[in-house]
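As a plain string of letters, each chain reads:
There are 2 protein chains.
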Amino acid sequence: MSKSLFVSMAFLLFAGSALAGQPYGLVIHGGAGNVTRERVAAAGEKAYRAGLEQALAAGYAILEGGGSAVDAVEAAVRSMEVNPLFNAGVGATLTRDGTHELDAAIMDGRTLKAGSVAGIQHVKSPVGLARLVMEKTPHVMMIGEGAEAFGKAQGLELVPNDYFRTPAQWEAYRKLKASQASPTTKDTVGAVALDRRGNLASATSTGGMLDKLPGRVGDAPLIGVGTYADNRTCAVSCTGWGEFFIRTVVAYDISAQMAYTGAPLAKAAQASLDKAMKLGGDGGLIALDAQGHMTMPFNTKGMFRAFHLSEGGTGVKLFGTE
Amino acid sequence: MSKSLFVSMAFLLFAGSALAGQPYGLVIHGGAGNVTRERVAAAGEKAYRAGLEQALAAGYAILEGGGSAVDAVEAAVRSMEVNPLFNAGVGATLTRDGTHELDAAIMDGRTLKAGSVAGIQHVKSPVGLARLVMEKTPHVMMIGEGAEAFGKAQGLELVPNDYFRTPAQWEAYRKLKASQASPTTKDTVGAVALDRRGNLASATSTGGMLDKLPGRVGDAPLIGVGTYADNRTCAVSCTGWGEFFIRTVVAYDISAQMAYTGAPLAKAAQASLDKAMKLGGDGGLIALDAQGHMTMPFNTKGMFRAFHLSEGGTGVKLFGTE
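Residue numbers (this note's numbering), protein chains in the order written: chain P, 262 to 583; chain X, 262 to 583.
In case anyone wonders, no lab produced these hints; they're calculated from the structure. Check each hint, because a few of them may be wrong.
Treat identical chains as interchangeable: a pair holds within one or across any two.
SDA-like mimics (lysine to any residue), calculated; alpha carbons at most 20 Å apart, straight line [as the list claims (entries may be wrong)]:
(1) Lys-536 x Thr-372
(2) Lys-397 x Ala-414
(3) Lys-528 x Pro-558
(4) Lys-536 x Tyr-521
(5) Lys-539 x Tyr-521
(6) Lys-413 x Leu-474
(7) Lys-536 x Thr-522
(8) Lys-536 x Gly-523
(9) Lys-413 x Asp-358
(10) Lys-536 x Arg-371
(11) Lys-374 x Asp-543
(12) Lys-536 x Ala-520
Given the sequences, and given the hints that come with them, work out the whole structure.
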């Protein structure tokens with residue numbers, strides 16, 4: 262055996278039992294609640310595309326390097342949490358009281374372990390906190406001050422609540438207060454990934470719905486509703502009017518259709534979304550199966566979304582007409 | 262037409278389109294976490310049986326009178342919330358910090374509307390608050406102070422946190438602190454009902470797991486996990502080590518099996534419980550379908566449980582050997 266071949270083989274082994282021929286990839290969304298040309302015009306379409314590309318690159322680099330799907334979805338979501346254009350972390354929408362309350366979840370499709378947080382006001386990265394709940398507690402879901410005390414004990418960075426505030430979200434809140442119109446911001450950010458070992462993961466993070474009552478929790482942090490991953494079926498992250506997603510348990514319903522009826526991913530995802538939307542509301546979702554198929558259905562004017570698949574190319578899209 | 266026949270027919274119409282021949286009934290549980298002869302000995306087996314009978318009677322009377330499944334499950338759960346023997350409301354277990362944080366949910370299988378609360382410290386009836394979230398807000402889930410502020414605004418009774426404390430739960434907490442043993446209290450109370458109009462409903466309420474980190478939320482208030490109801494399939498309420506129920510979305514998984522594979526209720530419920538228990542933990546559940554079939558599987562030594570079915574008799578059971 263030549264020395265270079267030996268080195269190559271050793272590298273492959275070192276890369277950690279990545280499966281030869283195993284497709285991998287990442288799909289992300291930046292919300293489907295209010296993706297209109299008017300909204301996008303303020304910061305410019307380029308800024309939204311760049312934000313999605315940056316989040317996509319952060320997660321995809323991890324997958325390419327042989328990293329885990331869990332690490333990839335966390336990295337992609339963290340990137341959108343610090344981006345003021347998306348309704349998660351910085352740029353979160355406001356509650357009826359003018360405060361920020363953030364929700365997030367993450368799930369590992371290999372182990373079915375999951376972490377979830379809601380009502381977060383001071384932990385800088387809600388998805389990072391959700392990951393620690395998954396890995397450092399016997400629990401799945403933690404909320405409010407208890408969740409933040411745990412995060413603080415774990416050494417996470419705390420910020421004042423107005424760290425999350427942006428002029429654009431404040432303006433939307435002020436306008437809504439003045440007009441008594443219906444809230445339009447119901448965005449979420451999320452990511453689903455398949456890694457080189459064939460493991461799926463999902464993560465979601467959100468500021469929730471504009472003008473929500475303080476204490477309201479949407480679908481994003483609910484395992485099986487806004488976030489789910491199971492290696493045997495798929496990984497899903499939802500966005501939209503969460504109440505309607507909760508009542509039909511959208512993410513798990515997709516997984517269940519695949520498991521119990523053998524439905525392919527895209528068909529199952531569309532059926533589950535349709536079922537929720539029949540009750541009311543609007544929104545969309547992204548999903549990826551263990552064979553690397555993706556789907557990104559939505560019934561809104563647009564959904565910020567991007568994908569990079571080892572066997573399916575890459576793309577960034579905003580509107581429904583693309 | 263004779264006058265008496267006319268009166269009878271008018272009464273049937275007045276009873277509100279109750280379906281002739283429609284079976285109806287109620288199944289309740291008072292937890293499966295720690296049902297042993299040792300635990301039951303303290304208050305006496307009779308007291309537990311009387312508590313279950315009282316909750317059963319409160320809910321069944323509503324069904325018999327033509328009332329709704331939603332009203333019946335709320336009444337049954339309220340009865341167990343004020344009973345100090347069960348881990349919900351008065352008698353709730355303690356967090357690691359020695360406080361009480363209560364969770365509850367309710368769901369209407371006719372409309373798929375649902376209400377859910379978590380991290381409740383002062384609202385006397387968590388299930389009553391969940392019902393108001395369902396009926397008086399555009400939301401499904403509310404947590405912590407925001408949920409309590411909403412309850413207060415709705416005129417609900419608030420109590421000091423130690424209203425929920427009982428000597429028995431305090432002693433269990435104190436013993437655990439002294440011994441560093443594993444917590445054994447993971448009980449929940451719940452009810453599922455089918456009314457004379459063929460509508461299903463489910464409700465669950467709990468103090469959660471003894472020694473839980475403050476902020477921890479279990480399966481009980483999560484729609485699709487500890488609580489679910491859909492007229493087309495079934496109504497479910499779970500009890501046990503919630504983290505394992507969350508990861509496999511137990512309640513909705515039962516509904517999904519029935520919808521997608523045509524599995525009968527008992528088979529679907531056992532399969533879903535087995536799937537969760539394969540991951541770890543222990544527990545049980547109660548479920549009822551639209552034809553009035555019930556099932557009450559558990560993998561613990563016992564589960565406080567009782568049923569009254571218009572076409573299936575009535576019974577109260579505590580242990581696995583009954």
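The hints, checked one at a time:
With identical chains, the CA atoms of Lys-536 and Thr-372 are at most 20 Å apart between copies only, with a shortest distance of 13 Å across copies and 28 Å within one. Proximity of Lys-397 to Ala-414 under the C-alpha cut-off of 20 Å is restricted to the intra-copy arrangement: shortest distance 11 Å within a copy versus 37 Å between copies. Only within a single protomer do Lys-528 and Pro-558 lie at most 20 Å apart by alpha-carbon distance; the minimum there is 10 Å, versus 33 Å between protomers. In this assembly of identical chains, Lys-536 and Tyr-521 lie within 20 Å of each other by CA distance both inside one copy and across copies; the values are 17 Å within and 14 Å between.
Taking the shortest Cα distances, Lys-539 and Tyr-521 sit within 20 Å of each other only across copies (19 Å), while inside one copy they are farther apart (22 Å). Proximity of Lys-413 and Leu-474 under a CA criterion of 20 Å is satisfied inter-copy only: 14 Å between copies versus 26 Å inside one chain copy. Taking identical chains as interchangeable, the C-alpha atoms of Lys-536 and Thr-522 lie at most 20 Å apart whether they share a chain (16 Å) or sit on different chains (18 Å). When the C-alpha separation of Lys-536 and Gly-523 is checked against a cutoff of 20 Å, the pair qualifies both within a copy, at 18 Å, and between copies, at 19 Å.
Taking identical chains as interchangeable, the C-alpha atoms of Lys-413 and Asp-358 lie at most 20 Å apart only when they sit on different chains, with a minimum of 16 Å there against 25 Å within one chain. Taking the shortest Cα distances, Lys-536 and Arg-371 sit within 20 Å of each other only across copies (15 Å), while inside one copy they are farther apart (28 Å). In this assembly of identical chains, Lys-374 and Asp-543 lie within 20 Å of each other by CA distance solely across copies; the values are 17 Å between and 29 Å within a copy. In this assembly of identical chains, the alpha carbons of Lys-536 and Ala-520 lie at most 20 Å apart whether taken from the same copy (18 Å) or from different copies (13 Å).
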